[in-house]
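Residue numbers (my numbering), protein chains in the order written: chain A, 1 to 249; chain B, 1 to 263.
Hints listed in this document are in silico derivations from the structure and should not be mistaken for laboratory results. Values in this document were obtained by computation on a predicted structure and should not be read as measured data. C-beta atoms are modelled at their ideal positions from N, C-alpha and C, and glycine is treated no differently. Heads up, none of these hints are tricks.
Each pair of labels, with its calculated beta carbon distance range: (1) 96(B) / 226(A): 48 to 54 Å; (2) 120(A) / 105(B): 48 to 54 Å; (3) 96(B) / 5(A): 42 to 48 Å; (4) 72(A) / 10(B): 56 to 62 Å; (5) 72(A) / 127(B): 52 to 58 Å; (6) 6(B) / 130(A): 23 to 29 Å; (7) 5(B) / 210(A): 56 to 62 Å; (8) 61(A) / 105(B): 40 to 46 Å; (9) 248(B) / 61(A): 52 to 58 Å; (10) 108(B) / 65(A): 51 to 57 Å.
Examples of chain A residues toward chain B, derived with CB under 7 Å: (11) 54; (12) 73; (13) 74; (14) 78; (15) 80; (16) 84; (17) 86; (18) 89; (19) 90; (20) 103; (21) 131.
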Amino acid sequence: MSAKKPKITIKNLSKYFDDLVVLDDISFDIYDGEFLCVVGPTGCGKTTFCNVVTRLLPSTKGSVTVGAEAIDFKKHNVSFIFQEPSCLPWRTVWDNVKIGLEIKGYPEPEIRERVQNVLEMTGLTPFKDFFPNQISAGMKQRVAIARAFVTEPDMLLMDEPFGQLDTSTRFSIENSLVRLWEKTKQTVIFVTHNLEEAVYLSERILVLTQKPTKIKSEVGVQHLLHPRDIADPEFVRIRRQVTDLVRWW
Amino acid sequence: MNDKQKEQVKTVLYNILSLIVVAVLWTLFSAWQQSPFFPPPADIWKAFVGLATQGDIEGISLARHIWASLIRIFAGFAAACALGIPLGLAMGLWPRMYNRTRAVLEPIRFIPPIAWIPMAIVLLVGFSRYAFLIWLGAFFPIFITTLLSVTRVNPVHVNVAKVFGASRSYIIRKIVIPSVLPDIATGMRVGLGIAWMCIVAAEMIGGEMIGVGRLILKYAELIRMGEIIVGMLVIGIIGFLMNEIFIVVEKRVFRWRSEVSID
Chain A
1 MSAKKPKITI KNLSKYFDDL VVLDDISFDI YDGEFLCVVG PTGCGKTTFC NVVTRLLPST
61 KGSVTVGAEA IDFKKHNVSF IFQEPSCLPW RTVWDNVKIG LEIKGYPEPE IRERVQNVLE
121 MTGLTPFKDF FPNQISAGMK QRVAIARAFV TEPDMLLMDE PFGQLDTSTR FSIENSLVRL
181 WEKTKQTVIF VTHNLEEAVY LSERILVLTQ KPTKIKSEVG VQHLLHPRDI ADPEFVRIRR
241 QVTDLVRWW
Chain B
1 MNDKQKEQVK TVLYNILSLI VVAVLWTLFS AWQQSPFFPP PADIWKAFVG LATQGDIEGI
61 SLARHIWASL IRIFAGFAAA CALGIPLGLA MGLWPRMYNR TRAVLEPIRF IPPIAWIPMA
121 IVLLVGFSRY AFLIWLGAFF PIFITTLLSV TRVNPVHVNV AKVFGASRSY IIRKIVIPSV
181 LPDIATGMRV GLGIAWMCIV AAEMIGGEMI GVGRLILKYA ELIRMGEIIV GMLVIGIIGF
241 LMNEIFIVVE KRVFRWRSEV SID
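This is chain B alone, in the form it adopts within the complex:
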């Protein structure tokens, strides 16, 4: 085993150890509190098994909740990519477009998705409400990262093509886009993370009784902390897994980069 592999094994072991430490601390804390608001890990596990096998109070299984949330996330996220990347590229390439619309775009960026809930309830129905809120969360990180990455393209790379007589279209296709792709991927990763974090807010207003966010809200009304914590952990773990998958894909696709991401 070489040094790198040894370090990887060590990292995995430390992560497992940190999970065990948190579980032990949580167990001690809940034993000390003796309160239904702080169920021990064993009760959380029981709640998880119950949700996974028998479903929630309406018989909807945890897998169906997860699937419903994932579909909503990917719809909102795909819409954010479809709009954020081309718009970011266009505004990066023609900065006047951005400068002349900044007064509209920038204030919207600072309105948190949760503040849009009343507007979404009034203006939208059903699936579009979920997609809109998730889109809001994901759009700006993708759009801003794309925009900034275009303005930071190394001018020497552009000049390399220019002195050979490259057309503007060649420079955009073969210099600007390959050069900004890793930054766009980072923006997408951040956007996906924020989109996933918006799921509870989106499912508060969606109207349907399915989705991980909705699951948490259902059990919040019943003050059943075990199921609430299961819902929270599911959101956290899925977010973590999506991020890890993204990092692996980034590393593979952008293997020409010496540094891909902080992992």
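With the rest of the complex left out, here is chain A:
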């Protein structure tokens, strides 16, 4: 990984809320096309981390750069899959998926083609005319994934997107996500507290500490090929390694 050129650089990122230090001097690089998982205990500030990285919240110190430029929604193509349900209830699945392209001013034929492709890849084509209240929670997250991937973002940030799903739905969506990522090779930062999920999905795992949050350790998973088998001895070993790292959170 070190031979690759970093696509996104997070440098000395800190966030304080008055006297409360939430993020404390976090620095790391993300490489082009990498799937990076950030794991941390509940309440350590993972959502704050996502909001600061995407600039939804201003940082107290530090910088997030894409290439050499500070990250900017207008200039860079950023997608964010939120922890909470984020489908716009008044838009159909189709219209939800196309919103990013619509905002970025893509021509209608290109929007149609891209949305059609991503709906196909995520298995949502039969539901394209449905409203979010007519589909399950799992499908709503698929819509959020499709909406995020369709713009082919420079950076895709996912904040515990499957936390509210049951195990079988989660596995199914995780598999869809991996397939989609393998096809598109977009740069993903996936934030979660689920260690198995992190080992199952990512190429590299960053383990965060309790507040004030720092990076505690980094674990490489890129040698495990997809689709991964959770009973595979190497998978089990890595999961145990990450578990040991987080045991004293």
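Given the coordinates of chain A, work out where chain B should sit on it, guided by the hints.
Same frame as chain A, now just chain B:
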């Protein structure tokens, strides 16, 4: 017939039954009272037929009274929507505007429309008096609901657009407005109900001898309870029908909502 249809039929039958129960109770009560102040349903029906076919003491038919009231209601209601929705949106989007004018707006909200009658008599004439009082009744529910709904727009929905680089204008047009429309519709429904309830007060001061409120007042002077009750029932039934029509339209327009209204 599926369970849902069975439940609908049951609901209709229970409503008819409750109307019959009220009519029977009213009949028994008026038979017991034997008073001209409590006419039996048959006399109320006769009064209704008389008003509908021959008109009131001045020969104005019930339909003309209803039409005149509806025109006034819609004028006042339209004015309330035209002012309440944009103002509510603006103050919701720029809360400082509301915070800095709260001391003016909030006390006015608590003055009942009927308390404005002397002021309306002094300041206004003719149709504008009706429209003003009805506007007062409808404006605040519409304005307040719009204002509050803007402040309650789901921030995640706004953030979805923001991370894609949406402009403020896009966020207002494509996120805030669609998200608050159902609440505005609810405010409009409540406002229309209150506007309709203000009709008697408005027609007390309007000066013209036409309108359902005026009809009630005319017969109140003659102490003719049959016609008064017809006027009251007409107000109630039209209010009910307007509300039902609004609910049907809301359900159709906002079919993306899982819950539209309590019906």
